[in-house]
Amino acid sequence: MRFSAHQRANAAFAGLTGSAALVILLALAVILGDVAVNGFPRFSWEFVSQSPSEGMTAGGIFPAIFGTVLLVLLMTVAVIPVGVITAIYLFEYARQESLFARAVRSAVYNLAGVPSIVFGLFGVGFFIQFVGGNIDRFFYDGRVLWGQPAILWASLTLAVLTLPVVIVTTEEALRTVPREHREAALALGSTKFEAIFKIVLPQALPGILTGAILAVARGAGETAPILFTGAAYFLPHLPTRAYDQFMHLGYHVYVLATQSPDIEATKPILYGTVLVLLLVTVILNFLAITLRSRLRRKFA
Amino acid sequence: MTSRSALPSVRPSGPEAAAARPLAPEASATFPTRASVAPRVVARIPPMQIQTTPPKTKLASEKLELFYGEKRALHGIDIEIPERRVTALIGPSGCGKSTFLRCFNRMNDLIPGVKITGRAMLDDKDLYGRGLDVVELRRRVGMVFQKSNPFPKTIWENVAFGPKILGEKNKGRLDEIVERSLRNAALWDDVKDRLQTSALGLSGGQQQRLCIARALAVEPEVLLMDEPASALDPIATSRIEELIHELKARYTIVIVTHNMQQAARVSDRTAFFYMGELVEYDETETIFTNPKERRTEDYVTGRFG
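Residue numbers (our numbering), protein chains in the order written: chain A, 29 to 328; chain B, 43 to 347.
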């Protein structure tokens with residue numbers, strides 16, 4: 029039986045698409061496999077519960093885990109309200125053709141395209157030097173307290189970085205709420221505010237949480253924005269105040285890989301840290317996804 | 043659809059039936075062919091006198107014009123809609139009847155680029171005048187939409203939504219309002235055992251009656267219905283039509299419909315719209331049997347539309 033040229037071309041292209049798709053699977057498998065194989069031997073309760081010791085060649089990485097989780101939580105607390113309120117403005121209140129709305133919208137899209145190291149520099153310039161510096165000048169007689177890298181500034185920098193994600197997904201979530209529900213609420217004599225808060229937002233909540241999940245996933249893995257804004261090489265204490273510095277898994281990986289005097293000795297720790305970073309990201313995502321599906325059940 | 047709603051029967055007994063009885067003479071006098079409908083009216087409808095004087099005007103418009111941007115959608119509409127009567131707005135698609143209906147609760151405000159001139163009035167109060175509170179207006183003028191649009195909440199929450207935003211917090215009073223509204227919308231018996239389940243589990247006809255109950259819960263004076271039965275099957279439709287008969291004892295009802303038999307069945311007065319104009323407005327019987335305008339006759343006899 030012979031195949032026509034058409035059929036051969038067709039089969040060849042189908043094969044091509046399949047193998048292109050295979051590349052992504054292989055890439056993921058290699059990364060995860062390498063990390064898992066080399067990381068698991070190092071993985072232990074001591075590793076996740078102790079501080080680094082002996083010039084980072086021994087001990088655990090608990091401060092970095094703590095710092096990462098705290099950083100992401102602070103970021104979420106900052107980015108969700110601002111992002112959601114901005115999206116509500118853009119979708120529910122702004123006249124779509126108004127100059128201001130168009131400017132905000134294009135700012136959102138452009139912000140999403142800015143390289144993350146630029147956010148780091150922005151964090152230094154705006155949060156640390158301008159905001160922090162002025163707080164010190166006005167409230168602490170110029171004593172440097174807030175005008176230096178800190179977990180607060182790092183989390184706010186990350187919040188700015190993830191703001192576009194939250195705004196765009198929230199807007200999408202608002203779009204999925206049928207116009208008829210807004211009309212019904214208004215026709216019953218509710219104000220626009222009541223219609224949004226009692227009818228629209230509860231329905232949009234799962235979608236908004238999707239935005240939060242994406243923000244967490246992005247924020248937990250980013251290292252460049254916190255490089256100058258608060259992450260520390262090594263700290264003997266956990267951060268307890270907003271102006272404390274903190275250790276961070278991503279930054280710790282960078283430190284272990286490039287700054288250690290004995291690269292070979294830190295290699296197992298490095299793999300273990302990468303594994304933990306992946307796990308923390310997965311766990312934060314999983315928590316958010318669980319929360320979302322519970323909300324879906326409640327409102328569906 | 044429940045089989046019960048397919049068979050309008052003489053159902054109520056006890057105190058409910060007693061409350062309904064005073065209605066019977068009036069209803070059967072107006073609709074001798076549908077005497078079976080009257081006894082279905084349930085509790086809390088005040089006794090009515092047989093109307094001898096012409097009813098008071100509830101809604102009116104004077105030279106009402108509406109523009110979507112540059113396009114004129116309504117051409118100088120003058121109308122007087124009587125209180126506690128059913129007024130049907132009929133006409134082909136795009137004739138402006140829904141647009142006109144939405145002038146009376148100012149839902150057109152939500153559409154960007156809409157401009158309105160002339161006057162629309164509720165009890166002689168200009169709805170587009172200065173100082174009018176739109177939120178207050180919409181509490182007095184309820185609306186039922188073409189597509190039933192219950193909130194994705196429980197049945198109870200749907201009906202209680204309006205009273206709650208009006209400030210009612212007392213659970214007991216809210217329960218009363220929910221029951222009364224559902225009874226008035228002839229839905230109570232269908233849902234009384236599952237008030238705390240999702241409204242989206244109801245059938246299409248039940249959802250639409252739930253929307254009516256939700257609108258009734260804020261005790262409006264006027265009920266605007268925008269093709270309330272167009273998405274329903276014939277049985278659910280007849281259920282809604284019976285309900286309209288029952289409700290007009292208390293409410294001024296304006297109903298937009300594509301279905302001329304429906305207009306003839308449910309309404310006391312009918313307005314025929316064509317290309318943004320009010321062509322003819324008269325007693326329903328006159329519109330359907332002896333219209334003055336040629337265009338009305340062509341439309342109601344099915345020659346176009």
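Please note that a few of the clues may not be correct.
[Claimed, not checked] Partial chain B-side listing against chain A, Cβ under 10 angstroms, derived:
| id | residue |
| --- | --- |
| 1 | Leu174 |
| 2 | Glu178 |
| 3 | Lys195 |
Keep in mind the hints are simulated off the structure, nothing from the lab.
Fair warning: this is a prediction, and the values are worked out from it, not measured in the lab.
We put the beta carbon where it would ideally sit given N, CA and C, even for glycine.
Going down the list of hints, with the structure as the test:
1. Leu174: violated (13 angstroms)
2. Glu178: B/Glu178 check passes; min Cβ-Cβ to chain A is 7 angstroms, inside 10 angstroms.
3. Lys195: Cβ of B/Lys195 sits 8 angstroms from chain A, so the hint holds.
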